[in-house]
Amino acid sequence: MEQDNQLPLWEVFIQKNNGLPFKHEGSIHASDAAMALQNARDIYTRRGEGRTIWVVPSSAIAATTVEDEAEFFDPSDDKIYRHPTFYVMPEGAKQI
Amino acid sequence: METQQALYQYAVRLGDNSLIMAQRLAEWCSNGPILEEDLALTNAALDYLGEAENYYNYALSLEPDGRTADDLAYLRNERQYYNCLLAEQPNGDYAQTMVKLALFSAYLKLLYDALSQSTDTNLSALASKSLKEVKYHFRHSSEWMIRFGHGTEESKSRAQQAIYELWRFTSDMFETTAADATLKGIVPDPASIQSEWNSVINDLLSRCGLKKPEDPYQVKGGYQAKHTEHLGHILCELQFLQRAYPGAKW
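Note that the protein sequences, when read in sequence, are chains C and R.
Mapping to our numbering: the first sequence position 78 is 78, numbers consecutive.
Basically our numbering = 1-based index in the second sequence + 96.
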């Protein structure tokens with residue numbers, strides 16, 4: 001692959017409203033944090049999508065790989081008792 | 097001059113400043129140095145286009161004669177546009193575009209801030225709406241200037257060259273016209289905006305490590321519809337469709 005000559009890559013997270021979780025929207029290039037926020041604003045919030053933006057250098061994100069999949073995730077496949085489906089929930093607790 | 101007529105001229109001038117800046121910035125569409133900047137500048141271009149439409153519609157509401165904002169944008173000739181000379185200057189390289197946008201948006205930021213207090217409620221409402229947009233344009237372009245100034249030797253020399261190139265068109269933005277004089281008390285005094293602008297720009301230049309040219313020469317005439325050679329070429333592109341196919345719609 002050709003060397004990326006753009007600028008450092010940043011991951012963009014946007015919060016739509018107060019109290020909601022930040023959602024990953026995509027990535028942008030920028031020279032530094034201040035410019036990354038502006039570029040994220042220009043690319044991901046043009047249609048009123050958000051109230052707050054986080055940007056994180058992509059290099060600061062540690063991620064699992066495909067090779068990790070078996071060890072990390074398969075063991076949880078057959079442990080249905082970990083799902084809280086065996087409890088009777090009080091009627092008032094709708095959000096759980 | 098009657099107040100009504102002065103307000104019409106003033107609103108058309110605000111519209112022309114925004115329209116010509118919009119057209120210039122739109123030239124970067126698909127030509128930006130990186131995708132992010134391409135979008136940033138076309139966003140700004142659309143902000144200015146929207147402002148132009150608002151000011152034209154306000155002007156036309158003062159002298160309703162059946163014309164529309166489109167007629168004002170597309171069917172006037174060069175000597176009927178009242179935009180400042182800075183707006184029509186070529187984009188040049190990216191440093192020049194950013195310097196131009198910073199000088200221009202710093203002016204509009206101060207002007208709209210003052211206009212938002214105007215006793216003319218329509219002007220104050222339109223200015224308050226535009227103010228948020230031009231504040232962002234100034235933030236984005238001035239941040240780029242700071243990075244050019246403290247970037248490489250080449251980025252600094254390009255930004256400095258842009259200031260040398262554009263500085264002579266800056267006083268033109270603050271010229272007092274008959275309309276300004278008639279609207280005294282309704283619109284801000286251009287001289288007071290200019291002195292605020294000078295301090296904003298001095299501060300920015302010192303943060304960038306850039307300087308003004310020593311030559312005090314200034315070209316003026318935009319608000320009298322006396323333009324540089326560039327406006328005609330902008331209008332060729334801007335007006336081509338409406339001139340070639342009058343009334344065309346899509």
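Hints may be right or wrong, so weigh each one.
[Stated by the list, open to error] Below 20 Å or equal to it, Euclidean Cα-Cα: the simulated SDA-like pairs (lysine to any residue) are:
| hint | chain 1 | residue 1 | chain 2 | residue 2 |
| --- | --- | --- | --- | --- |
| 1 | R | Lys-228 | C | Asp-74 |
| 2 | R | Lys-231 | C | Ile-53 |
| 3 | R | Lys-228 | C | Ala-34 |
| 4 | R | Lys-228 | C | Thr-45 |
| 5 | R | Lys-228 | C | Leu-37 |
| 6 | R | Lys-225 | C | Asp-32 |
| 7 | R | Lys-231 | C | Arg-41 |
| 8 | R | Lys-231 | C | His-24 |
| 9 | R | Lys-231 | R | Gln-213 |
| 10 | R | Lys-252 | C | Asp-32 |
Derived from the structure by calculation, the hints contain no laboratory data.
We went through each hint and held it up to the structure:
1. Lys-228/R with Asp-74/C: Status violated; Cα separation ~51 Å.
2. Lys-231/R with Ile-53/C: holds, 18 Å
3. Lys-228/R with Ala-34/C: holds, 18 Å
4. Lys-228/R with Thr-45/C: holds, 15 Å
5. Lys-228/R with Leu-37/C: holds, 17 Å
6. Lys-225/R with Asp-32/C: violated, 29 Å
7. Lys-231/R with Arg-41/C: At roughly 14 Å apart (the allowed maximum being 20 Å), Arg-41/C and Lys-231/R satisfy the hint.
8. Lys-231/R with His-24/C: violated, 27 Å
9. Lys-231/R with Gln-213/R: Answer holds: Lys-231/R to Gln-213/R is near 17 Å, not above 20 Å.
10. Lys-252/R with Asp-32/C: holds, 18 Å
When held up to the earlier numbered hints, the structure conflicts with 1, 6 and 8 and fits the remainder.
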